[in-house]
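Chemist: Chain residues, written in single-letter form:
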Amino acid sequence: MSAAMTSTDTPLLTVEHLTMRFGGLVANNDVSFEARAGEITALIGPNGAGKTTLFNCVTGFYTPTVGRLTLRHADGREFLLERMAGYRIAQQAGVARTFQNIRLFGGMSVLENLIVAQHNKLMDASGFAIAGLLGLPGYRAAEREALELAKYWLERVRLTEFADWEAGNLPYGAQRRLEIARAMCTEPVLLCLDEPAAGLNPRESAELAEILTFIRDTRTPGGHRMGVLLIEHDMSVVMRISDHVVVLDYGRKIADGDPSSVRNDPAVIRAYLGEDEDSELPPEVAADLPAAAVDPAAPVQKGA
Amino acid sequence: MTMPSHTASAAVPTNRAVDWPGTLRDAGLAAFVALLLTLPLVGLRTIDRPTGLGIEARPDEVIASIVLVFLGRLGLGLIRQNLALPVLVLALACAGVGLVLPMPTQVLRLVLVAGGGIIALRAAITLTTGRSKLSQAERDRRMDRVAVQVQHATRYIAPVAIIGAAILPLTPIADRQILDIGILLLTYIMLGWGLNIVVGLAGLLDLGYVAFYAVGAYSYALLAHYFGLSFWVCLPLAGLLAALSGVLLGFPVLRLRGDYFAIVTLGFGEIIRIILVNWYQFTGGPNGISGIPRPSFFGIADFTRTPSEGMAAFHELFGLEFSSLHRIVFLYYLILALALVVNLFTLRVRKLPLGRAWEALREDEIASASLGINRTNMKLAAFAIAAMFGGFAGSFFATRQGFISPESFTFIESAIILAIVVLGGMGSQIGVVVATLLVIGLPEAFRELADYRMLAFGMGMVVIMLWRPRGLLAHRDPTILLHGGRKPQAQNAGAAR
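From first to last, the protein sequence lines stand for chains C and D.
According to this note's numbering, the residues represented by the first sequence are 1 to 304, in order.
According to this note's numbering, the residues represented by the second sequence are 1 to 497, in order.
Looking at chain D on its own, in the form it has when it is part of the complex (with noise of 0.2 Å):
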């Protein structure tokens, strides 16, 4: 939205008189750079025709787009030669107009109140601190100091999260899509967590995790299938195997270090896929499997209106109507209690010489060997334990879905898995589930978007990138205090890592 290059020269607010052809020429140039960009992205449009594929032009938008970047780089230029205030005015009757009146698409709208909303904020700022913008450093110091207060309120917030979570699905808005996303958001973030042991943890870049998820939701697809076993007995079954898979793939890989062992789990990653797609016999191919059994009340009761022989209906147990909206009920606080386990495990276990053995391998190798740590067996651990966790997530997935085939288990998969690791800062779990509500949650909020999703989307992560490199919330407290009652980041305030 900004041109950094031009906005250092101008940090000292003047009084000299408003340097119009400067501002416009300003403008025009951004204007000019958003031309060239939305051209080719905004501009143009792949169609289906009946006749192949055709390409239809779009100029409204392009007009639209150039014509915001112009009045929006113009709004900045003026705030900081001491229009600031009219700017606000403009700026916010910009958003109230996005907010009230009936808009040609959402996509204006949005532009509209996000754009006038920043630029009002940029306004107010200068008006409250006579600054035009605040300088890199202070923004980051300021950032982390945000970051922190928010990790510290962990305390208060997570329970107030998992109750909430919890009670989601008794209130009267749990219709069945809200379910449906919160079953999709808590995958997300317990694969997050999951990968958060391996990446965050142990600090092995692991570009391959959606195998283990794969390996999990074929074990138990293939079980069932084969063998007839329930969910129940396939659960921990799947787990363990994903955990096999884990060790097999870590004995020879762990010795390779940084960018070498991240080609090389991104290379397993394809593998478990491929051979998921060419051994036909086994496991259906591209077709995938389908009609993999639903979870049963942990083997007491179906959520069927007319259970199977020997099995009581859910509904008739307890006495309820029938709804079909009880299995994803029940799927929901499934999919929640596993992830919790995840998170326990991991908060448990940073506190124990495991876990701290991990951190200090992310830390420095060469120091952890010469302290006698055992280094292959450690990473192993955090491999296999990632894996694990990975399997569930993926059993809970074949029986969530009924279907799987081998493109839900994409590199993509898993480039999203460690994008929300990485953007809510490495071994945060807090982060983790903010990451997964920003990369999951808003594409799934921005539907009506449409086209212009994945746009936002890519923007929303270029901005965090730009923001906040080491993730959202990437400050990490010590697992052990000497001096208790005083906090340590009170000490070396601004100097966090």
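Chain C on its own, in the form it takes in the complex (with noise of 0.2 Å):
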């Protein structure tokens, strides 16, 4: 099928110059990287680089102060992210997410969670609630479909079990698979996962790790494969199951590619781990510090 092999050489997400200010606050700074369908992209960086911030900027919570976003599908179709209202973003671009605090419908049941998060299709197919109202057939052919559809990811997610319970009243790891399956339900095209190991254990960690991999390998609707953007700070899982990794440290990309070689890059590991601060600092601001509070043998952790 060349559609698929071509949508694999095209990127799916191009993020182009992006910055993002709040004020005098400059989030990201002019960030540039490319997600592919069929990868796993990761964005990593120390607390406060300006993971999330980026998320909400493609996600459409955001409008960029500069910097275009390009999703292209691939039937050639483009979207300009950051000229889209919020909800069209997910309606009409195809991209889905989740959230770091986890946001569910707690009070509704989880299977209702999964056929809201298809309330796009089926409020055309109800044609208003016109349609539903009156019980057309057509209207309970869509729920049916989007019954089966629910069915297919609580399978996926193991939460077939627990389908007619209180969404609040899971269990955080489960609260945590139930967000991607209902992400998952509106049948996006890119997947924005903002931490979605936080919290969980080894084994449920590996767990996930296991649904995002198939998650990547899922085809659209259309037949095409499907991109992952991921947020994590659990490494064991970064570099796994990423294809890509990017990363980002106070507000602005320091490295970019394979998982190998951002392990071993050196700015990477300085980000991470620290380094000795008056190596970075300009000189006339180090000769106006007095010695002691530039003390080489304390390295700073940065970002906390």
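If you are wondering where the hints come from, they were derived from the structure by calculation, not from laboratory data.
C-beta atoms are modelled at their ideal positions from N, C-alpha and C, and glycine is treated no differently.
Worth double-checking, as some hints may not be accurate.
If you want a taste of the chain C side facing chain D, the calculated C-beta under 10 Å gives, among others [as the list claims (entries may be wrong)]:
{"hint": "1", "residue": "86"}
{"hint": "2", "residue": "99"}
{"hint": "3", "residue": "110"}
{"hint": "4", "residue": "149"}
Take the two lone chains, each set in its own frame, and fit them into one complex as the hints suggest.
Modeler: As structure tokens, this is what we get:
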């Protein structure tokens, strides 16, 4: 299938010169990278590096100050994400996301969470509720289909037996999995996961890695590969499953490449392990500081 | 009635002798609190004298209430000290005396019966369980279970209730007063169900729902007044205009959240009322509009003895004896049908993407947006639909009263409708019915309590909010089940949100 072949050649998401300022704070500074379909692109960096801000720009929760975000579907359609209203990015461009602090519909059942995710599809089928109110057969068929998709993902994330539970009553790890399943029920071309392994035990993390690799190999309804954009602190997960790693520090991109090259990149090691501060300070600032404050023996941890 | 701070320490029954000084001190303290409360609330009464407003002291009532509180507290104290059986007998005797013997006022009778009943119940629980009271969590759990059972029994209760409501006018007890109360209750049930769409499903706290009620009422009154349109033409028009006003309000306001949203809707309610008061030439101002035409029998027949030109008389059409009750019965059926339409709509829409999106917005707006749900449109739809139902109710109100004025659409009406929704349990349809019976029905039933009516009402509200802070019937069943046979709450019993 030629379309599937080309989809891995051209990038799915292109981020160009993305800058996001909040007043005087520059959360993202001229970040450019690409994410491809059929790959897991991991976005890593110390706390406060601007990962979540970048995510919020991609998924439409923020409008970037400068920069261009292009999403290319395999059929050639292009979406300029920075110009789209938040909900349209999910509805039309096909970008789904999860949240760092889980955001489920806690009072609704697990299955309802997955059905709500298919809102736009069902809304069309129900003719803005009019056909649905009348109980027309077209809507019923659409609802059955939605139920099938929900069941498929419930099975995938092993939540079938909890389907009728209130989502808020699920254990933490199950809530994480449900949020991923909910995002997948929107049938996205790009799935953005904000720290999906946070708070999981090693066994759950391994299970998550398995789910993520399965999602990477999932085909969209059009038969094309989909892409995964991942923020993660758990390096064992990142190094195991990601195909491409982008490292941010203080809002800038400091490294970009496959996991092994990034792991050995000196800039990355510096960002994570800290360094002698004085080597980076501009000379006029360093000169102003008293000698005791710039003690080379006590490396300062960055971004705490 | 009880003072929680003192009850916790005595949860374990002891075999020691009765601690009379302590119990008496406790009861005395309760009586003192009662004195502080009743002195201004009950002891003083304003009366209209020819010379102006005067104050009348009522020491008898104060003394009676203090003595009753003292005895009640004493009874509760003794229950915890192995004297449950005598207290039970005495409390039942009190309730019996209250029921049988003639009392100087109805209030005293009510207090005796209700107070004696509650204390007797407490004593009976102690005798059977060996504990003076249930823990808070256990009580919540039990009441949750009852609420769930009631809600599941709704599928049997609802048809019975609907049939009961439908045949009520045909039974011999249906006199003018019963039917009027029925119409009043059904109007509030309809408004409660309408507001439930916005507050219960979409989670938007609307403090100005009465504005749409007013728009509906004035739409009909003005259309009939200026253009002579009939009720059956105006009913859909009134709904449409109310929905339009809902959309007009919604567009600028729906981006607000929570408290800010509530304040703006409150303001909108007041704006509508003030326009109605001040636009004298058009709306009649504070004098209102009178002579609003009564509804005809679907445009075919009139309910008057001598109908106007070109109209048949209802009683002649059906070969009945003329009775002024016919119109009341017709109005009763009309509001019953309107209310059931609202209910049917809500029950169905909950299972549709529109209703599910509303509930999702109530749970988490950000997550809803991340799933591609158009928040503004969904909220506007909820607002417009609820406003439309409010408009229907309003035009019914206008045609039933025959006279409307801005005084019928004050904030207190919004508050009552909101109280119905919140007390019933947000989103619960049967809860709205139960709450309406309490909020509207009880004050009607206690008319003989005269001055103490609103006091009893307020006390009832406080008790409900203490015992059921999330509303009487707040349990929510999923709209779609995967494992249809098994009940989901069996799996997560007691973990209800």
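Chemist: Just to be careful: measuring from the Cβ of residue 99 of chain C to every Cβ in chain D, is the smallest value less than 10 Å?
Modeler: 7 Å, holds
Chemist: For the restraint on residue 110 of chain C, tell me whether the closest CB of chain D is nearer than 10 Å.
Modeler: 8 Å, holds
Chemist: Is the hint on residue 149 of chain C kept, meaning its closest Cβ partner in chain D is under 10 Å away?
Modeler: 13 Å, violated
Chemist: Measuring from the C-beta of residue 86 of chain C to each C-beta in chain D, is the shortest one below 10 Å?
Modeler: Since chain D brings a Cβ to about 5 Å from residue 86 of chain C, closer than 10 Å, the hint holds.
Of the numbered hints listed earlier, the single one contradicted by the structure is hint 4.
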